[in-house]
Every structure is written in structure tokens, then in C-alpha cells.
Amino acid sequence: MATLCEGFTLCGLVQTQNASDSPIQGIELDEDSDHAVVTDSTRSVTLYKVSDQKPLGSWTVKQGQLLTCPAVFNFQTKEYVVVSDNKVIRVWKDEDLNLDKAFKATVTADVWRVHSAPGGEPVVLFQRGAVRFLDSLLSAPQQPIEDVLSEEEVIRWSASIVAEEQHFVLFTTEQNGECCLYVQRLNPNTLQKYRLEREDSGASPLSFSASLRDKHLNLLYLYPNGCVYQSVVAARGYVGLEGVQDLPRSLRLRLPVGEGELGAASAVALDEAHVAVVGVPHPSARTGKDFLCIWNTNFQTLQAGKEMAGRIHGQVWCYLGKLFVPHGKALSIIPYECQKSSLASALGKLRHTGIAVSKSSVAVPSWNTLLHGDQPQGPTKIVETRKSKLSRKSQSAQALTVDQVLELIKTGPVDEVQREVEVLVSRGDAQDLQLSVGQLACHLVARSQAETAFYTPVALAQLVQTQFLCHSVCPGLLLLSLEHKDYFLCQLCLQLFPDIPEVVTCACLKTFISVPDGDVEMVSLEPDSVSFMEGLVAAGARGGQQNGFSPPLFEEDSCDANHQPKPPQDKKNHTLQLEACPVGLHKAVLLNEVLQTPYSDNFLLPHLKDLDTQQVILFLQYLQFVYLKYSQDVYTQTAGLRSPTMTQIIDWVCLLLDAHFTVLVMAPDAKGLLSNLQSFVKSQVKLFSELGKIESSLQELHKMKLSKDISQYSIEVIELF
Amino acid sequence: MGEFKVHRVRFFDYMPTAIRAMAFNAHTERLALGRMDGSVEIFNFADHYFQEKVIPGKDSRSIEALCWVGGRLFSAGLNGEITEYDLENLRPKYSLEAYGGPIWTITSNSQGAHLAIGCEDGTVKLFEVLEESIQFERNLDRQKGRIISLSWHPSGTQIAAGMMDMIRVFDAVSMLTTVLLVDRGFGGSKSRETVVWSVVFLSDCTIISGDSAGKVQVWDGHTGTLVKTHLVTKWDVLALSVSKDESSVVVGTSEGTVIQFQFIAPTLQQQQDKEWVRTRTFKNHTHDVRALAEIETAIVSGGMDTQLVVRPLLEKFDERSHASALRKIQFPHRNLVFCAKKAGLLLFQFPGQLELWRLGESDGHGKPGDSLPLKRKPEKLLHLKRKGEDHICCSALSSCGGWLAYSTMSSVRLYRLQTDNNDISITKVPKLPKILRSAHQLCFSSDSSKLFAASSQSSVLVIALSQSECKYVHTLKPKSGSRQPIHLMTNSVDGKWLATANSDCEIHVYNVQKLKLHCIVPVYGSCPSAMGIHPTTNNLTMVHADQQIFEYSIVEKQYTDWSRKLQKQGLHNLWLDRDTPVTHVTFNPKNPEQILLHDMHMFCIIDQSLPLPDQKTQFYNQMTLRSLSEQERPSHLHAFKICKTFQDLLSVSLLDDQSLVMVERPLLAITSQLPAPVRQKKFAT
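The listed protein sequences derive, respectively, from chains A and B.
All letters in the first sequence, in the order written, are residues 781 to 1501 by my numbering.
All letters in the second sequence, in the order written, are residues -18 to 666 by my numbering.
The following block holds chain A by itself, in its conformation from the complex (with noise of 0.2 angstroms):
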């Protein structure tokens, strides 16, 4: 959230004769943060003391004389630069009290403005377009200066802005309603030119912001209609690109405006988030434009808004956490706060923009025209051109374009479009291939929904294989593929798709549970899921080592050195020994990928209400066999394989019990299954906190000074002061 501090009055102002001007220049800090060098619109510059509002020092010229750009400070000779009258450079001290007796140099051109910040030199932009330095241009004042804008450009808005060891200067000009930005790189000079987008109205920006951010340019500025736009121009990585660029931009705001267009306003950017608005209306206060507000652009929310009594003049500057805002006959400085918005934050939603850099002219796939993709429109005539360009350089005449393909999979026979696909799948580059297979899968899901006998197990298989597809593309591939016992492809959609709805999880579930085995057991499935199934299984024919796991004998709490572990003479231990898979080997590897897909489980639990009370009981069987075999057996855990977790396995007995609890009681069938988990928990629970007391010791020995193994006998030095 950004907050407005309560204001104070920094000065008064003077109305000048024009009232649509400002009275002010230009406001530029110096050394000291809590200074402000403020020029009026005149001939007198003024130093103030921010927190004390009150002036440390004035300056002005003679009358007749005019200072024609905002005085600023050189933050390496600590003087302070003031342009008059266009073409005379006054440069002065903090101690000097008359600023005609001030260092003077007359310039052969006009000046715009004089730009400082701190770390960089000072920098002359000329009105033509020129930059130089301010002391190679004092040390040679009659030097030629170029022009470097056409006749009828004239400049409306300039910066500088210096990065770590570049110092660039930007502005930007007007020409018969055109604008655009120059980019000037000192040291080496290099000047780059960017054509803003027009926008619809012809109207021309009304103000402009400059920031660097990640190494980016980032310029914001104002339309008439509202409208902030931000474009981004790489700091660095430049390379010299001849002519004028178009500058993308990005719309990051729509500000109300009420009636008409707006006149004087002006928006500043603050953060990557933030920026302050002048002269805009306040949404829910529509009688006047003298407002400063703040926006949440990542959000498009007002997030704190100030009335400024007076007329604004569409100024403000922003430094160090204060906004200055001339407005009525008044400087006013309202110090800010912006904080990430904490929604933003918590879901990770906050935008790096800069990324989207203005070279990027790839286009980036939208999900829109992919998940609607029945009527494919723009985008996808650029893929299919730069498809056609790369079929062009690589592929053999006979190959079928996507569309081709498109239009076979509507009507051909099953042979040829599972050939088709398989080429066209094998033969694509990865970006394209992201946009083409969602199409295809699509196109045969449905082809095979409208025509029972069409089905082609293997050209889905691989589509499903390239990783491009999800759930939410083609949602019918998994229902499709279960309709059809297709257990190989369930198998791969469930490995692969990382957005199965709880809904089509729980009908797998439901399915693979209630097939019988022998269906399964001949089906081809992913062998790495099936070899880790075998190795589980067959741990237990090996009795495995007991890894903290004693066959439960609780009555007595001790936990001594003498204790002897009894005989497993209970009959409850009969049935905690291990029992054979309940489930064959293929079932089981299906109900593992089950237990691996992700799901939310409040969502996952209406639809487990679905099974009936044998697939639970079996279910549950499953699952408590997976779990003992994983605290039974050390080394069923083989790194590599896929395989579900024990957190997986707990949290699926939870939900399991959650939903069927009432029913599992009452079932018979169920009691003894119900009694050994119940005895097994509390094993693990003891195990558990045991394991917690180790860890509590051996965190001491950790911190615990490596003492220096001293031998028997050493001779050493020592000395005593």
C-alpha cells in the first residue's frame, strides 16, 4: 500500500503574468538531501532547507535577464549551474552572494537544459539536440555545436540518468504531432532514436518519467485521455542499431479523466508499482482535477489521493520519498510511503517488468487463442508464416503443414493420421511445436469423442510425450484416454499434465481401483514406475531390516538399555506382518501415479466421497501396504525412480479416513485394518519423538567446539607479556 503523509508548505509561489504558466522551473536537490535548489520561472534561484522550509539562500540575476533552464548542482566541484538567457552558463558557490559576479561563459548555441546527478558529471543539452559535458564546454565555450534535430523538432522533456558507469541523457521531441524519444549514451556517445506509438487521439503525451530499473530504461508517460503508458529501452547489451526504432509501449494505466481531456497533469513513476498522479481527477470525487494521487498500476488502484487547493500546473518531482507539488500559490512537498502491496507479494504475482524488452518482437503465445483455438485468428498466421519459413529451410516437400494436418485429422483414416502427426510431431522445433501440438490433440479428442472408432492411442501417446500439453488444453485427452482403458496414456497425462482437475483424479482413482487385474496386467506400462513397483514388492520376500519399526508393545513406557524386545507372540502382530501387494503389480503403479498427481484437497475431498466402501478398503489396504514397506525397507527408496512419497501416501490415508470415517467404522470389514494402522501410527509417533530427542542432542554436538586433537606429546611455543 502507498500512503500520503500529511504535507508542508515548502513556499509561497508568485503568480506569474501568464497564469497557465508555472512559476516554477525546474526543483533539483544537492548534496545535502534535505536541500532544494528551487528556480522560479524568473530570475532568482533558491536554496532551502526542507525540513526547516526555510531558505538557506537566494540568488538572482540582473533585471532584464531571464534564467532560461533550472538551476542545478554539480556534485563534484559543488557548484551550482544556471543557464540565462539561453546562451550564458553561470556557474557559482554556495558562498557567493551575487551571482553576476559568478562565473560566466557564453555558448554559441542555445541551451535546453543543464542535467546533474550525482555520480555523473554535469551535461549540456543544447536546443538542436547537442550534448556535452559541462567542462569540456566551459574550457572551450565558442566551440561549434551540431544540430542534431531536423528544423521543425523542438524538445519537450529531458533527463539524465546514471547507472553504474553509464551516464545517459534522454529527451524527447516533437515534430507535426510525431514524438520520440533519443536515447543519448555518453562515453561512448552513442545516440539511438525511438518513434513513440501514436496514440488514436494525435494528442501528444503530456508529461514523461524516466527510471532505471533491472538495467532497464524504463519511460512512463501521460496521454490527455488518461491513458499512462510505460516503455522499456535495454541499458545495456546495446547494439548500434541504425535509424529510428518503434518504441513498444505498454499501457500500465487508464486514469479517469471526467469531462474533457486533460490539461495540466502530470505522473510520476515511484516504484516499479507506484506512481503519482497530478492534475487528475479523483475517481470518487469528480468536481475537479487538483488532485495528487498514487496508483497501483500492478492493479490499477488508487491507493491514496490528496486535494491540492489551487491551480496545478501539471508539475511534480519526486526525490527521495517526497513529492513536490506546486500547486495554488504554494510549494508544497508531501513525503509518500509505498510498500509492495502485500497481496502481490503473497501470490507471487508481482510483475518483473523489463523482461519484454522492446527488441523481443516474438510473439508470445496467448492461452486464450490456445485453449479457444477452434477459430485461430492473428497470432497463429505469424506462427503459421515463420512455420512456412522454417518448413521451407529444413522439411521435404511432402511433409503436410499443421493446417494441413488440421484439416486430415477431421476426416482421414486412423493410419494415416497417426503418421502424419507422428511426423510432423518428430520433425517440429520446440516453439512451434507448443502452439501446433494443443491444436492437435484437440482436433483428435474431439474427432474421437464424435466417432467412437476412431481412436489413435500412439499419436496421443506422443503428443502427450513433447511436454507441451496440459490439462486445461484439451480437456477431454484424460477422459478420452480412460474411456478407452488406454492405461498407458492415463499413465503419461498423469505423470505429465500438472493441472488434472481433483474431479478427473478421483475418476481415475476410481477407475484403476475397480479394475480387475487381469486387464491391467497386460498393459505396456512406463517401465520405470513398474520396475520401482517390482522392487517394492519383492523387498518383502527379503525381510527387510527393521528400520525403527518394532512390532508394537506399548504397555510398558520404557525405553531402556535392558529392555528385551518380546517374541511377536500378540495375535495382533500376525496381521501386521507383511502381507502380500493387495493389489497387482500394473494397479498398483497406476494408483502411484494417482497418489503423485497434485491436488488441493479440499476440492479432491467431495469427490473421494464417490467411492464406495470396497474400493476404500482396498484403497486403504494399498496404501497402508506402500507405507509399511517404505518403514520397513531401507532401500526401497532407490534415488532416480519416481515414485510417491511418504508425506504423499500419509496425507492420502488422511483424506482417505476424512471422508469415509463414519462408513469405515461401522464396516466389518474394515476394523482390523482400521486397529493395525492405528497400532502402526503409534509406532512411528514413538519413533518420531525419540528421533526428535536425537536431534536435540546432536544439534548440541554441532555446536560443540572442535577440540584440537592434542597427541601425547608436542613441544610448542607460548609467550607470556
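Derived pair list, reagent style DSSO-like, types lysine-lysine, alpha-carbon separation capped at 30 angstroms:
#1 A:1483 <-> B:264
#2 B:264 <-> A:1466
#3 B:215 <-> A:1466
#4 A:1473 <-> B:264
#5 A:1473 <-> B:215
#6 A:1483 <-> B:625
#7 B:309 <-> A:1483
#8 A:829 <-> A:873
#9 A:1462 <-> B:215
Chain B stretches covered by chain A per the calculated footprint, using a threshold of three residues with CB under 8 angstroms from any CB of chain A:
#10 -14 to -8
#11 351 to 365
#12 619 to 631
Between beta-carbon pairs, the in silico distance windows are:
#13 A:811 <-> B:610: 33 to 39 angstroms
#14 B:615 <-> A:994: 58 to 64 angstroms
#15 A:1483 <-> B:277: 38 to 44 angstroms
#16 A:1493 <-> B:277: 43 to 49 angstroms
#17 A:913 <-> B:615: 55 to 61 angstroms
#18 A:1475 <-> B:136: 57 to 63 angstroms
#19 B:570 <-> A:1493: 23 to 29 angstroms
No lab work stands behind these hints, which were simulated from the structure alone.
As the structure is a computational prediction, the values presented were derived from the model and not from experiment.
Ideal Cβ positions, reconstructed from N, Cα and C, are used throughout, including at glycine.
Since chain A is already given, all that's left is putting chain B on it; use the hints.
This is chain B only, laid out in the frame that chain A set:
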């Protein structure tokens, strides 16, 4: 001040033996401590717990219990004998066969007129204490089963005896016995007999017992009924001790805990109805607590882990002070290591043998903190087993390394050592003078021409040594007529002076050339724990058990100026607060200003040329000095330079080549040689 090359020696496998019994004499404030090897140690609790006497053990002797009768000390053991000790000559005075098999316990009545012993054959035997001996009086009713523990009623008319599965109360007047049956343990130990390891009989006829089933039981002696059972441990309750006012009982268990029970009212309202309530648990031992004594302000405990622990009861102290700190006595307060400074040899004294080692060598040089590469490793030259049953009580090595002597209670042996290159030959010197029967202390003169042997009644025998023979010269006798044994003896480098200190805190200086007493140093209230004669000035430096340091000029027969200045200004509190006595004083012949001292936890060089620290001075300042620059240092220097790099020190000496020998015996190494405790710390419990 400078760098020192240090021989850091850790190959002395000194191993103290477990504490088996203790008895505290409240009158003299002496604690007698019996160890498993049969040795008896006397600690003076009035003088900073100083170990003032050690009676060496003997193979055949075992001590199960100790008991004071007035100033006389008796012990009884499983060899079936009762022994009375001669505390002046540090030897058993006589031993008496009790004819009852092994004796488990011995106790005297409060009047000090009778001793009762409990025997393996089930008899309780009463002995009358006579002036010079004891005399068997009678047997009480013979019982089936051994008598493990005994306790007299303060009136002296009744005795409670702890046996197997029962306690019997004998009435000495009516000759009646009452039987109290003790429960067995639970579970598996049900089949095993319960051993009543300890009983106490209080004046209100309450009997408190501790047994092998881990119970502390309170009985009413009038009715013979069990009042209360406290189950305090899963293992044995081994020892019990009652405070003098009978308001508190402490219990020692096999777990190493000491548990206190107090006779208090459970609620504030009913102050009359007092009962025995378990109040505090102390855990200062890792092994069995076999011996316990509750004294006025502290609980003293000892056991299998060999250390003596004095745990002050904090409610008896008004403020936190030196006296209220926990104290552990781990090392003996006397020297077991002797160093031949010229020859670079070390002699280690064990109860059963002597070991002679030659130190290693290194020709490297290094920065402070470095370990130098060894050119030659240390070498064990000799392993000399003692003859006979008696344990070695003292030994000596001449500084040239040519003579070695040791003494047991019954004999003194002198050996001539000859080392050429790597061969060592040892020849026993035959025909020692008859008068030389045993010695409390031995020492050679620095030119190895004489052997001094501390004999009875603080006298010193002077023996002249030569290649061919050894000859008795003279007996130096103190004028004071003290009967106490000498526990410290030192002589001067020029061979002129010999100083002795005895347990009466007297220090005598003899002129060896004239063979007569030169002077007596004014007696100070605390026992000297270490002393040495300066090689050039012949000043005698003494450090006492209360940590005070004195320097006495032998020639001028008065305290030196430095000593007076030190006493006037007082020692730094941090020095006085140390809880182990200084056990060795030596000097640096190259730098006469320096006195080298050490106790168990530190090594100190006193530079007499530097200002003495006052209470505001930072006392342990070596780290600070190290961080200061050369210019700043002098303003921060003071006389006490203390080095704590070396811990668990048994000996520090300075060889003639200016290198130091530090003999360390890490307590961890001792602990690791102990048997496994019954209860090991498990996880974080």
C-alpha cells in the same frame, strides 16, 4: 616477557582410584577419605579443603568403612581386619582380626566408647575403645545373612543393622531384636535379595534406610512400622548421611545423584506435623556415589568417578562467595612428578611403580602458538615396579638424573642410574643405613651429594652419597617438638639450606653445612602447599593453601620487602578465589626476578620487578597485552603473568635449557578409563 618452549606432556597415565568411604570429624573439621586401593587421605576442611595427609595403601588392605573416635581414625575392610591409623607417622598403628569374615561396616557410638562392626557371618561385634587399642567386648545375636550397615541410636542403647531383605534393631540393654522387613524391587529384581546398603538411626527412633531396590524408607523404630517409602532410583541407594541436627538426610545413588531429604512440614499451616520430604537433587557425579557426608554447610560426596565433591548448601550462606562455590578435588595436593632439570628426565610416581621418561627434542623454532616438529620422541627409559605389598608413598630424582629413590611404608630404596647414549643401567644401592626405614618425603641435594629423607616427628635424615657407599650423616630435628609429618621439603641450589614444612604449618630452615637448625619461619595459619628456595638470593618462597604468598629471606631471617609489600597491598581477589592450591614453586636461574608457580588450572610467572596488581587492575591480562602495541604494553603490565592454555596440570618445571615442562593429565582421559556408569545420559533426557 618472552617466549618459552614448552614440552607438553600428556603421557603420564595417572589414574586416581575410586572413593569407597569417608568420615567427617566435626570436631577437628577433618575429612578422612578411603579409596579402593586402601589409601586414606585426610582433608582439612578448616583450611581450604587442603589434603594435608595421605596414608599410602597396601595391596592386602581394603577399606569398606571409616570411623572417627575423637581424634582417632579406624577403618574396617573385607580382609576382616579393623585398623587404627597413626596419623603422625602416616601408617596403620595396628590391625586386629575380627574373626567374623569380611567386615562391611564399622561405626562408633556417639559417646566414643564402643565400636560396632558388621560382619559377613551375620554378627555384630562390639569393641571397647581403650586408650591405645580396642578390645573385643561381645557379639550381638548372630543373624542369618551378612550385616551390611550399622547405625547407633544416639543414646547408644540401640543399634540398627541393615541386612539382606531386612533391618534388625538390637537393643543393647534388653537384648531384644526387632525385625523390619524390606521389600524387594519390582519386576525382574523381585527374585533378587534387597541389600540394605545404609541405615541411619535418629534420636527420635526414626530409622531411615537405603537399599539396592532404589528405595529410601522411613521407619518408626518404636513400633517397627514402615512410615514412608521414597523410590528414588532404578538402581541402588548406596550411601546415607544425616546432618548433625537431624533435619536433613542426603542419599547417594548409583546414578551419581545425591538426593536430599528434609524433615519439614509439608504445609505452612501445620508446622507440627513434620515428615521426611524429598527436596533437592544434585548431580555432580557420573558414577556410583559410594561415600557421603553432610557437614555444617555442605554436602561432601565421592564415589567411583574418583573425585571429591563439596557441594555447599546455598541456604547456609548469606551471600555468594568463595565459600559457597562448588568445589571438586580431582588431583592430589602434592607432587607425583619429578623432573631432573639438567638431564631432561621425568619421573612419574604411581602407587605400584615408577616410570622414568626422557623428554623429546626439537631443534626447530617457531612463532608463539606453533607446535614444533619433533626431532626425537619422548622415550620411556625405565619402568620400576615396587617390591612388597606397600604402595609407594614418595620418590625423588636427582637433578643430574643419576640417582633415584623411593620409599614405601616399610622401606626406602635407592638406585644409581647411568645413562650413556641410549642405554640405561640401574643399580640398586645395597646396604642403606639401618636408620633409613621409611620416609614421608625424599629429596636430593642439587649437587647430588646428599639425600634428605623426612622421617618421624618432623625430623630429617641426612645421607651422604658417593659412588662407593652411602652413609648416614645426621638427623636434623626441629626444636618445636612437633610430631606431625613433613609434607614438603626443598633445598637450595648452593647446597647450604634445607627447608621443611609439616602439617602443623611449621616451616623449619636448616643449615646443611653446619647440620643445625637455622631458623623457624613465623607460623602462618594455613598449611603451606608449595615452597622453594631461590637459587641466587636464597629467599624462601611459600604458597599456602589459602593462596597467600610469602617470601622469607633465609639469610636475614625476615620477610623480604617484596613480601611485605604484597601483604600490605593484598593479593588480587581473582587470585584468592582460585579453588586449587599451588603445588609447585620454582625459579628461573637466568632471570632472578621470576617465580614460577602452578595449580591445576593455570601456570603463573610472578615477575617481582613489575608493579603488583591492585583490585581494579585487570588480573588475567595476557589477552589484552597481546592485542596492545609494544609501546602501550608497559603501562598495562603487572607482576602476575597467568597462562591458562594448559589445563589439568600435574606439574610444571623449568629445565636448565629454559624450556618448560608441563605435565597435563586431562580429566577426560581419566573419565574415559572409568567403567561404564549404570546410567548413561540418553539423548536429551
